[in-house]
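A.B. asks: Okay, here's what each chain looks like letter by letter:
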Amino acid sequence: MSSTLSLKTEFIKGIWKENPVMASLLGLCPTLAVTNAANNGLAMGLATTFVLLSSSLMISALRNLIPHQVRIAGYIVIIATFVTVADRFLAAYFPSISASLGPYIPLIVVNCLILGRQEAFSSRNGIGRSLLDSLGMGIGFIFVLVVLGIIREILGSGSIFGFAILGDWFTPWMVMILPPGAFLTLGILIALANWYNDPSRAKERRAVS
Amino acid sequence: MSKMSLSTRMILVLTLITVLSGGILAGWDTITKPKIAFHRQEALKAAIGDVLPAHDTYSSEETEFGTIYIATRDSSDQPVGVAFMAMGSGFQGELRIMVGLSPEMTQLTGIKVLEQIETPGLGTKIVVDPSNKKDPYWFPAQFRGVHVSPELVVVKNAKPTQNNEVQGITGATISSKAVTDILNNQIANIKTVWTSRGGPES
Amino acid sequence: MTEENLSQALPEQPETPKKPVKPKKEPRAKLYKPETPLILASSPHFHTRDTVPRIMWNVIAALVPATVLALVYFQWAAVGIILTSVSSALIAEMLVNRVKGESFTIPDGSALITGLLLALTLPPSFSLDGTALGSVFAIVVGKHFFGGLGYNIFNPALLGRAFLQASFPVPMTTWTWPLTARYVEVDGVTAATPLGLFKFEGVTSELSGLITGNISGSLGETSAIAIAIGGIYLLIRKYADWRIPLSFLMSTFLVSGAFWLISPESYPSPVFQLFSGGLMLGAFFMATDMVTCPVTARGAWIFGAGAGFILVIIRLFGGLPEGVMYSILLMNAFTPLINRYTRPKFFGEVRA
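Residue numbers (my numbering), protein chains in the order written: chain U, 8 to 216; chain R, 8 to 209; chain G, 187 to 538.
Read the hints as simulated data drawn from the structure, not as lab findings.
Predicted, not measured: the structure shown is a model, and the values here were computed from it.
Be careful, since some hints might not be right.
What the hints assert, rightly or not - The list that follows gives simulated cross-link-like pairs (lysine to aspartate or glutamate, DMTMM-like), each with its CA atoms no further than 25 Å apart:
{"hint": "1", "chain 1": "R", "residue 1": "Lys140", "chain 2": "U", "residue 2": "Asp175"}
{"hint": "2", "chain 1": "R", "residue 1": "Lys52", "chain 2": "R", "residue 2": "Glu68"}
{"hint": "3", "chain 1": "R", "residue 1": "Lys141", "chain 2": "U", "residue 2": "Asp205"}
{"hint": "4", "chain 1": "R", "residue 1": "Lys140", "chain 2": "G", "residue 2": "Asp315"}
Said to hold, decoys possible - In silico negatives: residues of chain U with every beta carbon more than 10 Å from chain R:
{"hint": "5", "residue": "Lys20"}
{"hint": "6", "residue": "Leu69"}
{"hint": "7", "residue": "Val117"}
{"hint": "8", "residue": "Arg131"}
{"hint": "9", "residue": "Ile134"}
{"hint": "10", "residue": "Ile157"}
{"hint": "11", "residue": "Met181"}
{"hint": "12", "residue": "Ile184"}
Note that beta-carbon positions come from the ideal geometry of N, C-alpha and C, so glycine has one too.
Please construct the entire structure, taking both the sequences and the accompanying hints into account.
C.D. replies: Below, the structure is given as structure tokens:
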């Protein structure tokens, strides 16, 4: 069952082709909830990637040991451990980020992206391959969260990473920092990505070039 | 391995995983616990400092309506103010407000909204109002010095005329009202605690 | 015919050149353009003079009284908002047509209606760039993201307004008196709408103002009478289903009447509810949007009754003073479901 792709493809696939948010629509809860500012998106992406990497490391190492029947229970305990580690880390060293992300850090434990990668990949592949896969997926996740955060922060607050870039003439679109703004922006981003990936257009591109 | 029955193996592996997880968490906790406690303490101190007049130390006291913090100066035994938390529902979710009262229980010395999930741009003006460039903190600031008897009152679209009135936020009447309701309620509670305790003299 | 036969039947193809040639990029719309379009539809086939443009231009005609009154009451403010809204709707429509590579749909008038309806629901003091944004959102997201005219689930103009309401909550709820209102000394002083006055101050307004429209409110929604004239024209010409405004207004009247009977001090009278806010404009022009309301007669009754019920609940118990927009949008979302459950029986169908 183990993957036969080249190591490079294993790493790259999560960033665009199998991007957890854009292609698989996984982990939408944090994607929609915390991306009202680029900083929050980045912090959430990094925390999720940390959990993903460490759980993949542990699960791929233990994969031959864990009996099939209790694997989900085992995975969840491992994931929850690292989520708690990340949560405590933020609370101890970055209290302001921890305060602004609120309950969403503990909620990483139910992010389907993480359990999904363990079930689909780390439990069937070696440590190195699993780490590459997780790193790619994590970077893809961070990428989407930061892009969403940047768009929503510019339109919703007139700033980017906390620095005001639009002058007084700009009236922030309040909707962008509210949940509907998250749905709208994500929907438009996915539509654009699908349009770009559209096989008929890809053929057109090849024909032209 | 193969000789072990499946159930023994399941129990063993899960035990191993939980022990491992417990170990990681216990170790991590000893490292981070003092830091987290320190940040909590700092945040509390900052909030109390924001709502009470200048003081040197404060002591905390448990009451049936939550902890109250009594601030004093080194030069005198008389408290300069009493701070406490007030909680209640706002427009969308719970509001947690740190409140400072004068030791005579007559005037507010300040309030600070610590937690809220009001509508951004409207209800959030109870914390900060970015549309008011000159004075973004006008809403919480106007509570300083307001009289609490008979109770706090919100006035709309007008400047307050009585000493127990505050100006409401245009478009966020419910949030403004929620703040004063929560304050009125908890102030009444703390007043009873404070009088039963013997007042400012004790 | 086998493939071989087919290729023989066709005129001989010119030999393909060895070198790959860049295929000429042709806009999709030009690939096939029959002189009379072939329309495939299931029975029954009616022959009618009604076409999309014909219906749309009649709706525009019906909006004339409300628009004229908006211009009279709010003057230059109304001119600016209406022109901005309509022109940005038209430009957005044109651009989307270009991007989608379809023929221009401006002459069908639907973009014009969306722009005009949106303008009529905006407060007179609203900013022009905000107006343009709402109009573009209505056309691009509200209509074309769903597939264009006929495929949109929600009324585009209301969706544009909902977007503006969520984006700029303060300007969207800041009202000015009409310039013609006599009892005002200062131009453009802010004033609560009759509904806002009732909700937050407990003051009811006089009925005469509500009917003639000489009150604060959105551009085109202040005068019940001007809207009703246009609306009734639409009903007579059968371009709108009379059941929808009737059931919408009736249900608003009955539900608010029930509350009023229970406690006349705390709830406004049903007559006030009928004539205040955007109810008339919504009931006659937005709820009746052919694309987004149920097609069956029974469905139309359910649609109007549900909208009226939601409206009264929002007005009496919600955080906002007005709820016409949300009540119609919510019922728009229910429309496919209503259509499914009110589908007439097939001839001879036996209920399972």
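A.B. asks: Of the numbered hints stated earlier in the document, which are not met by this structure?
C.D. replies: As far as the earlier hints go, 3, 6, 11 and 12 are violated by this structure, in ascending order.
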